[in-house]
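Enquirer: The opening position of the sequence shown corresponds to residue 1 in the working numbering, with each subsequent residue numbered one higher.
Hints listed in this document are in silico derivations from the structure and should not be mistaken for laboratory results.
Bear in mind the structure is a predicted one, so any value in this text is a computation, not a measurement.
There could be a bad hint or two in this list.
Listed below are the simulated DSBU-like cross-link pairs for lysine-lysine, each with C-alpha atoms no more than 35 Å apart in a straight line [said to hold, decoys possible]:
#, residue 1, residue 2
1, LYS139, LYS101
2, LYS189, LYS149
3, LYS347, LYS101
4, LYS82, LYS209
5, LYS139, LYS61
6, LYS209, LYS149
7, LYS220, LYS370
8, LYS307, LYS347
9, LYS307, LYS370
10, LYS341, LYS289
11, LYS364, LYS347
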Amino acid sequence: MDLNDINTKPTANMGNHSHFETLDSLPSQFRLAQCVAYDNEILICGSLLERQCYSYHTIKKQCKRICSYPLAVALWGHCVVKRVKSSNNANDITLLSFGGKYKHAMTMKYVSAWDEDEEKEERMEIIRHSNRWSPLVDKRNHVVSIGRKEDDYDGMRALIGGNDNNLLFITYYPRNIDVFDLNTLEYLKHDILPLDDGNWIRHHCFASKTENGISNPNHKIFEMMLFCNDKGLSISYNQQNNNFHFSRVRVCTTLRPFSSYSFICVNSFIIFFGGESHPKESVSQQVYKYSINGDTWSKFEQTLPFKLSEHAAILSADNQFVHILGGFDGKRELGMHVRTKIEKWTKEETEKERQWAIEENERKCIEECKSDLEDMKEPFHIKKLQEKLFITTSNSDLSLNNNNNNNNNNNNNNNKETKRNCNDNQTLGSIIIYQNRMD
Numbered sequence: 001m002d003l004n005d006i007n008t009k010p011t012a013n014m015g016n017h018s019h020f021e022t023l024d025s026l027p028s029q030f031r032l033a034q035c036v037a038y039d040n041e042i043l044i045c046g047s048l049l050e051r052q053c054y055s056y057h058t059i060k061k062q063c064k065r066i067c068s069y070p071l072a073v074a075l076w077g078h079c080v081v082k083r084v085k086s087s088n089n090a091n092d093i094t095l096l097s098f099g100g101k102y103k104h105a106m107t108m109k110y111v112s113a114w115d116e117d118e119e120k121e122e123r124m125e126i127i128r129h130s131n132r133w134s135p136l137v138d139k140r141n142h143v144v145s146i147g148r149k150e151d152d153y154d155g156m157r158a159l160i161g162g163n164d165n166n167l168l169f170i171t172y173y174p175r176n177i178d179v180f181d182l183n184t185l186e187y188l189k190h191d192i193l194p195l196d197d198g199n200w201i202r203h204h205c206f207a208s209k210t211e212n213g214i215s216n217p218n219h220k221i222f223e224m225m226l227f228c229n230d231k232g233l234s235i236s237y238n239q240q241n242n243n244f245h246f247s248r249v250r251v252c253t254t255l256r257p258f259s260s261y262s263f264i265c266v267n268s269f270i271i272f273f274g275g276e277s278h279p280k281e282s283v284s285q286q287v288y289k290y291s292i293n294g295d296t297w298s299k300f301e302q303t304l305p306f307k308l309s310e311h312a313a314i315l316s317a318d319n320q321f322v323h324i325l326g327g328f329d330g331k332r333e334l335g336m337h338v339r340t341k342i343e344k345w346t347k348e349e350t351e352k353e354r355q356w357a358i359e360e361n362e363r364k365c366i367e368e369c370k371s372d373l374e375d376m377k378e379p380f381h382i383k384k385l386q387e388k389l390f391i392t393t394s395n396s397d398l399s400l401n402n403n404n405n406n407n408n409n410n411n412n413n414n415n416k417e418t419k420r421n422c423n424d425n426q427t428l429g430s431i432i433i434y435q436n437r438m439d
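Kindly produce the complete structure, drawing on both the sequences and the hints.
Expert: Following this line, the structure appears as structure tokens:
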């Protein structure tokens with residue numbers, strides 16, 4: 001076997017976490033790793049102070065070294081994106097690596113490192129000239145930088161979109177968003193995200209609303225989502241007018257302390273894995289789901305097998321599996337590798353998950369009422385809140401009843417008996433206290 005092929009024994013203990021399958025450990029600890037999916041491969045393009053790059057074959061379940069970043073490149077919170085051109089030549093993809101605390105901008109033309117047995121000599125020659133990092137240069141062979149000297153690119157996030165998939169959208173600390181044209185290698189737009197003073201983004205979620213990040217050539221609008229701690233934004237970019245439009249999106253209460261989570265976007269859902277809270281710096285093993293179309297949140301009863309932050313989650317090219325690689329558990333860096341089937345996260349909600357959704361709905365209602373209190377021009381009436389809460393919980397319970405009708409008709413009566421309404425002390429308590437403080 002090739003010495004570059006790495007196949008080590010699994011180290012993680014799954015316990016009762018049946019949603020996850022342990023795969024062979026990675027050849028190194030990968031914290032803040034950057035990964036992209038390509039055919040049957042997952043390309044691991046460096047991590048925190050780790051220059052080595054690998055290809056993991058999802059069918060062979062083996063890892064092969066591709067190359068290394070140059071010695072002059074120090075990786076710390078960098079970003080790697082895959083450019084898919086309109087021609088979609090499967091044998092020719094380009095990777096762009098840039099940013100981080102110590103900025104760099106490099107490209108790699110990647111050819112699968114697993115096909116050397118087919119026309120071996122010719123193939124190996126192509127690989128030798130392709131699978132290596134080179135500085136980003138313009139048509140005159142001048143080195144191009146992405147980011148100004150004063151820009152803080154540590155923990156930045158980027159997406160590729162636009163009609164020709166030529167636009168690089170960059171979000172970075174503290175509240176910046178840029179548009180960079182990969183055809184002309186010029187900046188097109190800079191804007192400030194509408195976040196409150198003192199709020200900032202780093203190691204956040206930045207995802208495209210469109211499938212696989214490829215925009216429809218018939219549309220001039222590219223839509224994105226951004227989440228970090230208690231901040232959520234829906235972002236649209238009009239390519240024709242070169243303008244952004246921002247809308248605030250609510251983040252569920254239990255996810256708000258966290259960032260540095262991994263995430264994947266599939267079937268109009270964003271799934272979040274783990275994360276780290278600030279300033280307490282506790283690490284989570286919870287899994288959440290946000291519905292882009294429904295603007296709703298779910299918290300899964302099933303959790304990660306261990307606490308995890310600063311890790312990578314990558315959706316396989318066939319959209320069947322999520323691979324979770326490396327990370328930090330609050331004490332040490334990890335080289336673990338697990339995968340989970342997407343279908344396990346799209347099943348009907350459990351009773352515990354439905355109950356969480358009801359309670360989160362009530363918390364949302366309370367927040368809206370508090371906001372009304374702060375901006376109100378008329379006296380606050382607790383009766384209005386009672387009516388609003390009763391409508392909210394009634395709708396939630398009706399949904400529960402509809403979901404359970406086929407399973408047990410008696411559940412309807414039970415739901416009515418346990419319905420949480422405007423007399424629920426737990427629901428109204430915080431509002432009454434808040435009202436008294438305002439008086």
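Enquirer: Confirm or reject each hint.
Expert: Verification of the supplied hints:
no.	hint	result
1	LYS139 <-> LYS101	holds, 27 Å
2	LYS189 <-> LYS149	holds, 17 Å
3	LYS347 <-> LYS101	violated, 40 Å
4	LYS82 <-> LYS209	holds, 17 Å
5	LYS139 <-> LYS61	violated, 39 Å
6	LYS209 <-> LYS149	holds, 31 Å
7	LYS220 <-> LYS370	violated, 38 Å
8	LYS307 <-> LYS347	holds, 23 Å
9	LYS307 <-> LYS370	holds, 33 Å
10	LYS341 <-> LYS289	holds, 15 Å
11	LYS364 <-> LYS347	holds, 24 Å
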